[in-house]
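Undergrad: In case you want the letters, here they are:
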Amino acid sequence: MKNIIEVKNLTKEYKNLKAIDDLSFEVHEGEILGLLGPNGSGKSTTINCILSLLKFEKGTIQIFGRPMAPNAYDTKREIGVVFQDVAVFEELTVEENIDYFCGLYVNDKSLRKQYVTDAIELVGLNEFKKFYPKQLSGGLLRRLNIACGIAHKPKLIFLDEPTVAVDPQSRNNILDGIEQLREKGATIIYTTHYMEEVEILCDRVIILDKGKVIASGSPEELKELANMEEKVSVEIETITEKQLEEIKKLKNVDEVHYHNQNLIVIYKKGKNNLITLIDYLGKERVLYDKIYSERPTLNDVFLELTGKELRD
Amino acid sequence: MTVFKTYLKILNKNKFLVILYTVILVFFAAFNIENNDNGTNFVAEKPDILIVNQDEDNDITSHFIQYIEKNSTVKKVKETEEAHNDALFYRDVNYIIYIPKNFGNDFLEGKNPKLEIKSTGDYQASLAEILVNRYWNVANIYRNVTEEEEQLLTLINTTLEKDTIVEVTSKLDTESFSKATMFYNFANYSILAGCVFIICFMISSFQEKKVKSRIMVSSMEYRKFNRQLLLSNGLFAFALWLCYVILSIVLVGNVMLTSRGLFLILNSFIFTCSALTLALLIGNLVHNKEAMNGIVNVIALGSSFLCGAFVPTQFLPDFVLKIAHILPSYYYIYNNELIASLEHIDLENLQPIFINMGMLLLFAFIFIVITNIVTKRKNR
Amino acid sequence: MLFHNYKYALKILFKNKMLIFWTFAFPLILGTLFQMAFSDIEKEEKLQTIPIAIVKLSSDQNSMVPEIFEHLKNGEESMFDISYQDEKGAKELLEDKKIDGYLILSEPLKLVVKENGINQTVLKFVTEEILETEEIMKNVVMLEMNKADTLDEQFYQSIYMKIEKWKQENQIELNNISNQNLSYTMIEFYTLIAMTCLYGGILGLYLVNQNLANQSANGKRISVSPTQKGKVIITSALAGYTAQLIGIALLFFYTICFLKIDYGENILFIILLTLVGCFAGLSLGIMIASVFKTNENTKTGIVIAFTMLCCFLSGMMGITMKYIVDKNIPILNRINPASMITDGFYSLYYYDTFGRYFFNVISLLIFSIFMLALSIKSLRRQTYDSI
Numbered sequence: 001m002k003n004i005i006e007v008k009n010l011t012k013e014y015k016n017l018k019a020i021d022d023l024s025f026e027v028h029e030g031e032i033l034g035l036l037g038p039n040g041s042g043k044s045t046t047i048n049c050i051l052s053l054l055k056f057e058k059g060t061i062q063i064f065g066r067p068m069a070p071n072a073y074d075t076k077r078e079i080g081v082v083f084q085d086v087a088v089f090e091e092l093t094v095e096e097n098i099d100y101f102c103g104l105y106v107n108d109k110s111l112r113k114q115y116v117t118d119a120i121e122l123v124g125l126n127e128f129k130k131f132y133p134k135q136l137s138g139g140l141l142r143r144l145n146i147a148c149g150i151a152h153k154p155k156l157i158f159l160d161e162p163t164v165a166v167d168p169q170s171r172n173n174i175l176d177g178i179e180q181l182r183e184k185g186a187t188i189i190y191t192t193h194y195m196e197e198v199e200i201l202c203d204r205v206i207i208l209d210k211g212k213v214i215a216s217g218s219p220e221e222l223k224e225l226a227n228m229e230e231k232v233s234v235e236i237e238t239i240t241e242k243q244l245e246e247i248k249k250l251k252n253v254d255e256v257h258y259h260n261q262n263l264i265v266i267y268k269k270g271k272n273n274l275i276t277l278i279d280y281l282g283k284e285r286v287l288y289d290k291i292y293s294e295r296p297t298l299n300d301v302f303l304e305l306t307g308k309e310l311r312d
Numbered sequence: 001m002t003v004f005k006t007y008l009k010i011l012n013k014n015k016f017l018v019i020l021y022t023v024i025l026v027f028f029a030a031f032n033i034e035n036n037d038n039g040t041n042f043v044a045e046k047p048d049i050l051i052v053n054q055d056e057d058n059d060i061t062s063h064f065i066q067y068i069e070k071n072s073t074v075k076k077v078k079e080t081e082e083a084h085n086d087a088l089f090y091r092d093v094n095y096i097i098y099i100p101k102n103f104g105n106d107f108l109e110g111k112n113p114k115l116e117i118k119s120t121g122d123y124q125a126s127l128a129e130i131l132v133n134r135y136w137n138v139a140n141i142y143r144n145v146t147e148e149e150e151q152l153l154t155l156i157n158t159t160l161e162k163d164t165i166v167e168v169t170s171k172l173d174t175e176s177f178s179k180a181t182m183f184y185n186f187a188n189y190s191i192l193a194g195c196v197f198i199i200c201f202m203i204s205s206f207q208e209k210k211v212k213s214r215i216m217v218s219s220m221e222y223r224k225f226n227r228q229l230l231l232s233n234g235l236f237a238f239a240l241w242l243c244y245v246i247l248s249i250v251l252v253g254n255v256m257l258t259s260r261g262l263f264l265i266l267n268s269f270i271f272t273c274s275a276l277t278l279a280l281l282i283g284n285l286v287h288n289k290e291a292m293n294g295i296v297n298v299i300a301l302g303s304s305f306l307c308g309a310f311v312p313t314q315f316l317p318d319f320v321l322k323i324a325h326i327l328p329s330y331y332y333i334y335n336n337e338l339i340a341s342l343e344h345i346d347l348e349n350l351q352p353i354f355i356n357m358g359m360l361l362l363f364a365f366i367f368i369v370i371t372n373i374v375t376k377r378k379n380r
Numbered sequence: 001m002l003f004h005n006y007k008y009a010l011k012i013l014f015k016n017k018m019l020i021f022w023t024f025a026f027p028l029i030l031g032t033l034f035q036m037a038f039s040d041i042e043k044e045e046k047l048q049t050i051p052i053a054i055v056k057l058s059s060d061q062n063s064m065v066p067e068i069f070e071h072l073k074n075g076e077e078s079m080f081d082i083s084y085q086d087e088k089g090a091k092e093l094l095e096d097k098k099i100d101g102y103l104i105l106s107e108p109l110k111l112v113v114k115e116n117g118i119n120q121t122v123l124k125f126v127t128e129e130i131l132e133t134e135e136i137m138k139n140v141v142m143l144e145m146n147k148a149d150t151l152d153e154q155f156y157q158s159i160y161m162k163i164e165k166w167k168q169e170n171q172i173e174l175n176n177i178s179n180q181n182l183s184y185t186m187i188e189f190y191t192l193i194a195m196t197c198l199y200g201g202i203l204g205l206y207l208v209n210q211n212l213a214n215q216s217a218n219g220k221r222i223s224v225s226p227t228q229k230g231k232v233i234i235t236s237a238l239a240g241y242t243a244q245l246i247g248i249a250l251l252f253f254y255t256i257c258f259l260k261i262d263y264g265e266n267i268l269f270i271i272l273l274t275l276v277g278c279f280a281g282l283s284l285g286i287m288i289a290s291v292f293k294t295n296e297n298t299k300t301g302i303v304i305a306f307t308m309l310c311c312f313l314s315g316m317m318g319i320t321m322k323y324i325v326d327k328n329i330p331i332l333n334r335i336n337p338a339s340m341i342t343d344g345f346y347s348l349y350y351y352d353t354f355g356r357y358f359f360n361v362i363s364l365l366i367f368s369i370f371m372l373a374l375s376i377k378s379l380r381r382q383t384y385d386s387i
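Protein chains in written order, with the numbering used here: chain A, 1 to 312; chain B, 1 to 380; chain C, 1 to 387.
These aren't lab readings, by the way, just hints derived from the structure by calculation.
Where hints are given, some of them may not hold.
Label-pair restraints from in silico Cβ distances [stated by the list, open to error]:
1. C/Asn297 with B/Leu350: 39 to 49 Å
2. B/Glu208 with C/Ala305: 21 to 31 Å
3. C/Phe358 with B/Thr375: 53 to 63 Å
4. B/Asn12 with A/Glu127: 41 to 51 Å
5. B/Gln314 with C/Asn297: 32 to 42 Å
6. A/His28 with C/Ala305: 49 to 59 Å
7. C/Pro330 with B/Ile373: 48 to 58 Å
8. C/Phe358 with B/Ser259: 50 to 60 Å
If you only want the chain C side, here are some residues facing chain B, beta carbon under 8 Å, derived [said to hold, decoys possible]:
9. Phe38
10. Asp40
11. Leu105
12. Pro108
13. Lys124
14. Glu129
15. Leu143
16. Ser158
17. Ile319
Once the Cα atoms are required to be at most 30 Å apart in a straight line, the calculated DSBU-like pairs of lysine-lysine come out as [said to hold, decoys possible]:
18. A/Lys134 with B/Lys376
19. B/Lys111 with C/Lys147
20. C/Lys17 with B/Lys289
21. A/Lys290 with A/Lys271
22. A/Lys109 with C/Lys7
23. C/Lys293 with B/Lys9
24. A/Lys134 with C/Lys293
25. B/Lys162 with C/Lys98
26. A/Lys212 with A/Lys308
27. A/Lys129 with C/Lys15
28. C/Lys17 with A/Lys134
29. C/Lys98 with C/Lys56
30. C/Lys7 with A/Lys130
31. C/Lys124 with C/Lys147
32. A/Lys290 with A/Lys249
33. B/Lys75 with B/Lys9
34. C/Lys165 with B/Lys101
35. B/Lys46 with C/Lys97
36. A/Lys15 with A/Lys210
37. A/Lys248 with A/Lys283
38. A/Lys134 with C/Lys15
Don't be surprised by glycine CBs; every beta carbon is placed ideally from N, CA and C.
Only chain A is shown next, with the shape it has when bound in the complex (with noise of 0.2 Å):
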């Protein structure tokens, strides 16, 4: 597999902060990305070290196999870049943004044209083209927002959390257009720190805290991290404490807790935990009402990694 980007021991500093601290990965061709992480974990900074726009103390950055650098033209030619922060102009219209931005990647008007189609396409909002920026909703603002980014149809595109505060028609917009880019062949980098996203989404998630890769993989095998395979919750009006401590003994069984008439067995491993605890349940004659299952989520094995949520 070709390596679109990789980055050596990148290390930024502010001050007296380390915002990047030691960071060497790579992006490979073709693959969605995701950048994970806690707000001010370096996410942003790191894609604004890679694109050149900050001044880093140490480490190497190559895309395409070139050195990046400011003036790296041909390069930023085939990149995309969809900021955090929603860059437009409000005096022009969305058809006029995306064929502004377009404009610094492709001289070509009637090329440039049908690229502005495409994109405004892909992103759904072919009902507002001659809308004011100032007119659109939140989430049509941040498809425009794509849209901008990446009309150019560049084959690396980085987007920075592209769905805060979206409502869920937009997100789910924005989702299939990114599906699709990926599927005419771009490479994507994709920040944010919803991992439902990246569970739908990346093929491969890196995972940030404090500037500093703590663990990487698809998310399954970063799921295998977690120290828990399943979290099973039984509503359960009454149960003893001898009961309980019955339940902690069963097979694979790593904690238990009963509070508020809701009892959550923890299990570590293993399979067919929830026929073993409903036997259990039936043979002593304890009335239960609603059983859930829960698989672990990267939430958890963020939780488990560096004993912080990942959201605030």
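Once you have looked at the hints, place chains B and C on chain A.
TA: For chains B and C alone, coordinates are given in the frame of chain A:
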């Protein structure tokens, strides 16, 4: 209290803006007042004259210069023609007299030498010309009857020393009070621009859609919120007004503490009240902060120019003054002028002043009514 | 690409209502206000007919004074508007400010006025002149007495005739060599042009601000694109300059056609000064866009405040201000771009020579270059310590 605290917080966040506005206004006001005695509109009985003498020592010439010096203010500027011309253009001098070489001798010898002059063509230049003409007319007549220079000079002297007895009836100290009036006239702009702009800015900060709906759903009664906001704005306006009053006392001095001075202060207070209500109206009508900036500037500059804050009302064309009647500033400035010419304070003299104050309050009332109509409509 | 950016930059400017208001409409409004406020000032400065009263004490007195007053002219019009009153009536008229003063034909003449002023001074001067004529008569009679044989009516008559003749003849002539262009309210309009030139910097500021990655989100987009930043900035500045020139052309059109402002004869020089003035404004805008790191509104505020201060010093709020600064702290106006522009127009209007004009043009260019030199470092920067 919460509203007031928030008010102070927003004010603090935008303190750069507040300070900028206030400093500029204070600076303008202070500077204008300090320098206005050679302003274009100042009425003096002695014209400013510049004499460029190229004649050698000569009795009649120096006698003439003495005469001019006695009856006018002789200015000194740099000795270049450019400096002379600039001085004339900017009315630093109203009249320039060029005395050519041999002028005195030529005159005594019975020739008719010419004087070159430059004139601004205004009142004071006319006065200067009267002085010059008079001297040489008198000298011209006497040189027909005597040939001795000394006798000639004595004759000219005795003739020109003739003085009319002038009785001045008014006992008003117009000089120092005109500074006070000027300050308060200028304050028209300062109050309108500074106070109105900042209050509008504050209102629109509170009125911003998201903030407003948050207030609407909060437990605080909307009316109570409005009352507190009004109170905060009032306090701010009051503080700014107080600032100006103190500044006026610093700049103009004790005159401000005489009864006339106190009337000026009272007048400015009432004007501040109507400015406050105007601010509330604009703040409730316009929510775009940038648009507000434009509107406030046009209103402040417009009413200052049209009502005589910058240019004394006597110099304004009649049609402009007629238009000015629809602006509160007109009544405020008119009142300042009335107070300045107030000789004794009695009911008869005060009546027009109180009528103008009444007009200002009427404006305030109208603004409040419109504001109420507007906000009621908007909240629905 | 260049034209692409230029076209969109212009579009952005003309769609921004606030920018257009401040740089296009505001100067027009201000100009109209100036015209309304100042149109009469210079007219009022000329002497007007002065209302006075004359009080005759006893009816048998046969003074020449009223007749002299009646005949005094100021140009075409009578100098005085005279009403004859008794002392009480005159006093009342004076109290009510219906007259500027009254004359009591006592021996000696007495003049009563309410306050000091120009009209009062004129009145005093004229009264004195009458007294002087009497004095001259007396003195000449004394001197001529020796030569005369008899002191009869005829002698006095002849003396009187002589004096009248002398008065007419051999007068010292006053040759007025002052420039005809003396209307100082023009300065107001020159400062207005100066203000518009500098305000116009906001246009460039707005655009360049959008080009810089450390100043705006749009700037980041430009930085990561394959387009050279320098090209984008130059075309943006050019677009700002174009808009500025359109605005100022509009102002010139309005002030010349509707307000009848006189900018002097030399159109080419006027255009040159305007071009350079706008350039100074543009470079000021670029400097503030690139060097200061605050939000756009504050930057606009800085340009406006700076412009207003400069205009104040060059006489916008009181024409004498410029002269006072020029006379006392000349260095201040040497570095004040508004004053350079104002002074440039002034020298075109008032002077026939061009030395001063070119001094101002060159000063403006130096100012602009200085501003650009200040900004060049941050304009050229491509990677930042922080964003």
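Undergrad: All the hints need checking, so say for each whether the structure fits it.
TA: Going through the hints against the structure:
1. C/Asn297 with B/Leu350: 39 to 49 Å: Roughly 46 Å apart at Cβ, these two residues keep to the hinted range, so it holds.
2. B/Glu208 with C/Ala305: 21 to 31 Å: The hint (21 to 31 Å, Cβ to Cβ) holds, given that B/Glu208 and C/Ala305 are roughly 25 Å apart.
3. C/Phe358 with B/Thr375: 53 to 63 Å: Since C/Phe358 and B/Thr375 have Cβ atoms about 58 Å apart, the given range 53 to 63 Å holds.
4. B/Asn12 with A/Glu127: 41 to 51 Å: Taking Cβ atoms as reference, B/Asn12 and A/Glu127 lie about 44 Å apart, which means the hint holds.
5. B/Gln314 with C/Asn297: 32 to 42 Å: 41 Å, holds
6. A/His28 with C/Ala305: 49 to 59 Å: 54 Å, holds
7. C/Pro330 with B/Ile373: 48 to 58 Å: 56 Å, holds
8. C/Phe358 with B/Ser259: 50 to 60 Å: Between C/Phe358 and B/Ser259, where Cβ atoms are some 57 Å apart, the hint holds.
9. Phe38: Check passed: Cβ of C/Phe38 comes within 7 Å of chain B, closer than 8 Å.
10. Asp40: At 5 Å from the nearest chain B Cβ, C/Asp40 passes the 8 Å test, so the hint holds.
11. Leu105: 12 Å, violated
12. Pro108: OK, holds: C/Pro108 within 8 Å of chain B, min 6 Å.
13. Lys124: 6 Å, holds
14. Glu129: Result: holds, 6 Å to nearest chain B Cβ.
15. Leu143: 5 Å, holds
16. Ser158: This interface hint is violated because 13 Å lies over the 8 Å limit.
17. Ile319: OK, holds: C/Ile319 within 8 Å of chain B, min 6 Å.
18. A/Lys134 with B/Lys376: 26 Å, holds
19. B/Lys111 with C/Lys147: 25 Å, holds
20. C/Lys17 with B/Lys289: Judged against 30 Å, a Cα distance of about 13 Å means the pair holds.
21. A/Lys290 with A/Lys271: 20 Å, holds
22. A/Lys109 with C/Lys7: 14 Å, holds
23. C/Lys293 with B/Lys9: 22 Å, holds
24. A/Lys134 with C/Lys293: Holds. A/Lys134 to C/Lys293 sits at ~25 Å (cutoff 30 Å).
25. B/Lys162 with C/Lys98: 28 Å, holds
26. A/Lys212 with A/Lys308: 15 Å, holds
27. A/Lys129 with C/Lys15: 17 Å, holds
28. C/Lys17 with A/Lys134: 14 Å, holds
29. C/Lys98 with C/Lys56: 19 Å, holds
30. C/Lys7 with A/Lys130: Distance of about 18 Å is within 30 Å: holds.
31. C/Lys124 with C/Lys147: 35 Å, violated
32. A/Lys290 with A/Lys249: 22 Å, holds
33. B/Lys75 with B/Lys9: 54 Å, violated
34. C/Lys165 with B/Lys101: Satisfied, since the Cα-Cα distance of roughly 28 Å is no more than 30 Å.
35. B/Lys46 with C/Lys97: Roughly 22 Å between the alpha carbons, so the hint for B/Lys46 and C/Lys97 holds.
36. A/Lys15 with A/Lys210: Within the cut-off at roughly 15 Å; holds.
37. A/Lys248 with A/Lys283: It holds: about 16 Å lies between the C-alpha atoms, which stays within 30 Å.
38. A/Lys134 with C/Lys15: 13 Å, holds
Figure legend: structure checked against the earlier numbered hints; hints not met, in rising order: 11, 16, 31, 33.
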